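Peer 1: Sequence:
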Amino acid sequence: MVAGGSGSGSAPDGTRGAARQAPKARSYENSQRSRQAAATRERIVATATDLVHELPNWDWRNLTVRAVARRAGVNESTVYRHFATERNLRDAVLRQLETEAGVELENLTLDNFGQTIAQTFAYLATFPIGSRPIEDPTFAALDERRRHALRAALTASAADWTDEEREMTAAALDAFWSVGTFERMVTTWDLDPEKATSAATWVIGLIEAAVRDGRGPGQAAGA
1 MVAGGSGSGS APDGTRGAAR QAPKARSYEN SQRSRQAAAT RERIVATATD LVHELPNWDW
61 RNLTVRAVAR RAGVNESTVY RHFATERNLR DAVLRQLETE AGVELENLTL DNFGQTIAQT
121 FAYLATFPIG SRPIEDPTFA ALDERRRHAL RAALTASAAD WTDEEREMTA AALDAFWSVG
181 TFERMVTTWD LDPEKATSAA TWVIGLIEAA VRDGRGPGQA AGA
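For the record, in the sequence shown the residue sitting at position 37 is 37 according to the UniProt record's numbering, with numbers rising by one throughout.
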């Protein structure tokens with residue numbers, strides 16, 4: 001009776017004792033594989049992020065699974081194991097870039113919007129920025145005439161400002177005088193052309209008022 005009891009719980013050949021140790025070993029192996037998978041995923045995202053830092057003007061056409069796999073030293077299948085599609089990979093990279101820039105869109109308010117813009121632009125300045133020449137000579141000439149007109153207008157209205165302050169203000173005004181701004185308000189924000197025009201001229205009016213009050217870029221609102 002004693003021999004058949006539950007004293008040690010071990011079979012004569014010791015198989016039960018070995019079986020008791022197996023789950024612990026499998027748990028360790030699973031944990032190790034999880035850590036290795038997480039490290040591989042992190043390396044892929046880091047590699048893709050480094051690649052983006054080399055792409056001028058945020059042109060992500062060369063941010064492909066093949067390019068990332070080659071740079072990270074892994075097979076394309078390994079990348080796809082962690083990211084089902086190229087879009088999933090790019091989404092992960094973008095979230096990493098937002099983290100690097102310190103931008104939290106979920107916490108955006110009007111009070112911190114200026115700081116968010118400053119952080120975003122400061123981060124963008126770490127990327128290569130190449131010029132995008134206007135290929136059509138007619139539009140290139142128009143662009144030059146428009147910039148010349150803005151500089152002349154600022155010289156007349158803010159003669160006591162530095163050239164740099166006038167250039168910054170002209171650039172801000174130019175941003176709201178561009179076809180790209182108008183198209184974005186109409187297509188992305190679904191504003192009709194009249195409302196898009198009102199929005200742009202409203203912002204331009206605020207800049208104009210600041211110029212007349214002598215408040216240039218970088219100056220405090222109450223200065």
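Please keep in mind that the hints were generated in silico from the structure rather than gathered at the bench. These numbers come from a predicted model, not from an experiment. We put the CB at the ideal spot given by N, CA and C, even for glycine. Keep in mind that the hints are not guaranteed to be accurate.
Stated by the list, open to error - Have a look at the derived ranges for each label pair, beta carbon to beta carbon: (1) T201 x N57: 27 to 35 Å; (2) A141 x D213: 28 to 36 Å; (3) R147 x N62: 49 to 57 Å; (4) G205 x R41: 28 to 36 Å; (5) T181 x D59: 17 to 25 Å; (6) A84 x T201: 39 to 47 Å; (7) T120 x R43: 23 to 31 Å; (8) T120 x T85: 25 to 33 Å.
Peer 1: Next step is simple, just say for each hint if it's right about the structure.
Peer 2: To see whether the hints hold, each was checked on the structure:
no.: 1; hint: T201 x N57: 27 to 35 Å; in the structure: 29 Å, holds
no.: 2; hint: A141 x D213: 28 to 36 Å; in the structure: 34 Å, holds
no.: 3; hint: R147 x N62: 49 to 57 Å; in the structure: 31 Å, violated
no.: 4; hint: G205 x R41: 28 to 36 Å; in the structure: 49 Å, violated
no.: 5; hint: T181 x D59: 17 to 25 Å; in the structure: 20 Å, holds
no.: 6; hint: A84 x T201: 39 to 47 Å; in the structure: 46 Å, holds
no.: 7; hint: T120 x R43: 23 to 31 Å; in the structure: 26 Å, holds
no.: 8; hint: T120 x T85: 25 to 33 Å; in the structure: 27 Å, holds
Taken one by one, the earlier hints fail for this structure at numbers 3 and 4, listed in ascending order.
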